[in-house]
Amino acid sequence: MKPQVSNRIERIDTHTMILNMGPQHPATHGVLRVILELDGETVVKATPDIGYLHTGIEKTMESKTYAQVIPLTDRMDYVASLSNNLAYLLAVERLLDIQAPPKAQFVRVLLTELTRIASHLVWVGSHAHDIGAMSMLLYAFREREKLLDIFELVSGQRMMTSYFRIGGLAQDVPDGFEPKVKEVLDTFPDRINDYENLLTKNRIWLNRTVGVGKISARDAIDWGVSGPILRGSGVSWDIRKSNPYSGYDKFNFDIPTGKNGDVYDRYLVRLEEMRQSLRIVGQALDGIPEGDFVARIPGVVLPPKEEVLSNIEALIFQFKLVVEGFSPPVGEVYHSIESPKGKLGYYIVSDGSNKPYRVRVRPPCFVNLSALPKMIEGRLIADVVAVIGSIDIVLGEVDR
Amino acid sequence: MENPILTKLKEKFPETILEIAEFRGELTIVVKREDIIPVCTFLRDEPELSFNFLSDLTGVDYLGRKPRFDVVYHLYSIDRNHRLRLKVKVEEDESVPSVTSVWNTANWFEREVFDLLGIRFDNHPDLRRIVLPEDWEGHPLRKDFPLTREEVMFTHNKNRPPKITE
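These protein sequence lines map, in sequence, to chains L and H.
Everything in the first sequence is counted per this note's numbering, starting at -15 for the first residue and increasing by one.
Everything in the second sequence is counted per this note's numbering, starting at 1008 for the first residue and increasing by one.
Honestly, the hints are just simulated from the structure, not real lab data.
A quick note: this is a predicted structure, and the numbers were derived from the prediction, not measured.
Wrong hints could be hidden among the right ones.
As the list claims (entries may be wrong) - Result set (DSS-like, lysine-lysine): computed pairs, CA atoms no more than 25 Å apart in a straight line: (1) L:K166 with L:K130; (2) H:K1073 with L:K43; (3) H:K1019 with L:K339; (4) L:K166 with L:K87; (5) L:K198 with L:K243; (6) H:K1094 with H:K1019; (7) L:K243 with L:K358; (8) H:K1015 with H:K1039; (9) H:K1170 with L:K48; (10) L:K43 with H:K1094; (11) L:K339 with H:K1073; (12) H:K1096 with L:K43; (13) H:K1150 with L:K339; (14) L:K87 with L:K130; (15) H:K1094 with L:K339.
Said to hold, decoys possible - Restraint ranges, calculated between C-beta atoms of paired labels, are given here: (16) H:T1048 with L:Y62: 37 to 47 Å; (17) H:T1155 with L:I239: 41 to 51 Å; (18) L:G218 with H:T1172: 50 to 60 Å.
Unchecked claim - Rough simulated footprint, nothing fancy, chain L against chain H, three-plus residues with beta-carbon under 8 Å: (19) 1058 to 1071; (20) 1080 to 1089; (21) 1099 to 1112; (22) 1132 to 1146.
Glycine residues also receive a C-beta, built at the ideal position from the N, C-alpha and C atoms.
Could you build all of it, start to finish, from the sequences and the hints given here?
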């Protein structure tokens, strides 16, 4: 007896599955939780859940004097600590209406660009590792060791440097600084070429990153995305060029942009940014002007140590500044810089006392992460890791 | 010479502007709370202003002042390269219309202001806590929420609850 074959197709009930990419996950670069709703392998909805690293930094800053806040700023974007310091100090210097002397500005630019390279190295290492090219992690961290040696030489610390102060630097650059930076300048371009040889035309890399995680320029601006992601979508906006700070207008460099706004373009943009940063470091190193490393403003900047030990007035200033701090005028300022992750802004409200009334950090990673659902919905689950890596988040900044 | 942004805004919304301030080259305009959405839409769409980027949306608690809170909007125009700070003053139980319909960036920013300061936003697509756990009580960034220090628990003091100092 022949079986009956029906001409109608029976409707099979499908449900979507909720998959928790939990806070402990090797590919989320910290404690990030993404709640994925999947239809088979396609992501229907992605909801990032943050807050696992929230330490109330903005509230703590309200109870510290202006100089005591500097170490707190390091710990937000802990991978690129010098740029956080710079952002905060430029905002405070604008509030006080003072300017750092030229030597301090050049050294600040030099170290901030080295920090940009260090941050992009962490990014390329961990991003490639997540996608599967595991050896990139070790190569990137090997180069980063040389940069961390430079940071240790100037400030004594590898990561949470806090080397800049209001009005300039904490101390003058030590003697071995220039040879070490010269060594980085000589060896680094070859290394970047090595990374390009490994990844840029690699068929597996292209398969996993081209066309993945696209965001159009219009959507990116609407969602507030800034930094390499926005430049990867074709918008050529870099705060170092549009609103130069700390002497950036004296340097020659280009801004790389991408075309399609996918993960591959962001990778190319960041690699090229490393090369442009090296260009800036070279120009800064050649032209460090002579002069003082900090603006000598009596009520705000600590006096030199020799005077403190011999002159009673300097001793009084030192005591008052360390114990009480200074009181800036009443008002509010907002200053933003181009950190390796995007537009990092500080909004400081001062009520005339020695502690800031409100410090608001505009975190680039927080805003870039909010655009994750836009980039990932409709794609496969295997692309989630590639896209999260390309956003380059540092959870310390997302949660503060 | 008056700032051209201010001139255009005064032309279109003469009664909405409450205060104007300028400090260190930055222009701050306080507008009425109810009119924030028309003002923001005008600022975004007017071709000579074209504020298409919402840099930051935050809140400040001025305890002891009426109205208590300030919601601060930092706007930036990528094409024209000019900035503006808009402020809205809010009393404790009042809510502010949400600007997520103007810029999607405001979504997470407003959630954070709600989470840490307790200001509600009307017509927000998903207003819930973002950095703190959902069951947290209180709004930490308010000035009357104490900056607490909890004693560290070691073996010698593990049998009693931790002392909390403010």
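Hints versus structure:
{"no.": "1", "hint": "L:K166 with L:K130", "verdict": "11 Å, holds"}
{"no.": "2", "hint": "H:K1073 with L:K43", "verdict": "22 Å, holds"}
{"no.": "3", "hint": "H:K1019 with L:K339", "verdict": "39 Å, violated"}
{"no.": "4", "hint": "L:K166 with L:K87", "verdict": "18 Å, holds"}
{"no.": "5", "hint": "L:K198 with L:K243", "verdict": "10 Å, holds"}
{"no.": "6", "hint": "H:K1094 with H:K1019", "verdict": "18 Å, holds"}
{"no.": "7", "hint": "L:K243 with L:K358", "verdict": "18 Å, holds"}
{"no.": "8", "hint": "H:K1015 with H:K1039", "verdict": "17 Å, holds"}
{"no.": "9", "hint": "H:K1170 with L:K48", "verdict": "23 Å, holds"}
{"no.": "10", "hint": "L:K43 with H:K1094", "verdict": "21 Å, holds"}
{"no.": "11", "hint": "L:K339 with H:K1073", "verdict": "23 Å, holds"}
{"no.": "12", "hint": "H:K1096 with L:K43", "verdict": "21 Å, holds"}
{"no.": "13", "hint": "H:K1150 with L:K339", "verdict": "14 Å, holds"}
{"no.": "14", "hint": "L:K87 with L:K130", "verdict": "23 Å, holds"}
{"no.": "15", "hint": "H:K1094 with L:K339", "verdict": "23 Å, holds"}
{"no.": "16", "hint": "H:T1048 with L:Y62: 37 to 47 Å", "verdict": "39 Å, holds"}
{"no.": "17", "hint": "H:T1155 with L:I239: 41 to 51 Å", "verdict": "45 Å, holds"}
{"no.": "18", "hint": "L:G218 with H:T1172: 50 to 60 Å", "verdict": "53 Å, holds"}
{"no.": "19", "hint": "1058 to 1071", "verdict": "holds (count 8)"}
{"no.": "20", "hint": "1080 to 1089", "verdict": "holds (count 3)"}
{"no.": "21", "hint": "1099 to 1112", "verdict": "holds (count 3)"}
{"no.": "22", "hint": "1132 to 1146", "verdict": "holds (count 5)"}
This entry does not satisfy hint 3, going by the numbered hints stated previously; all others are met.
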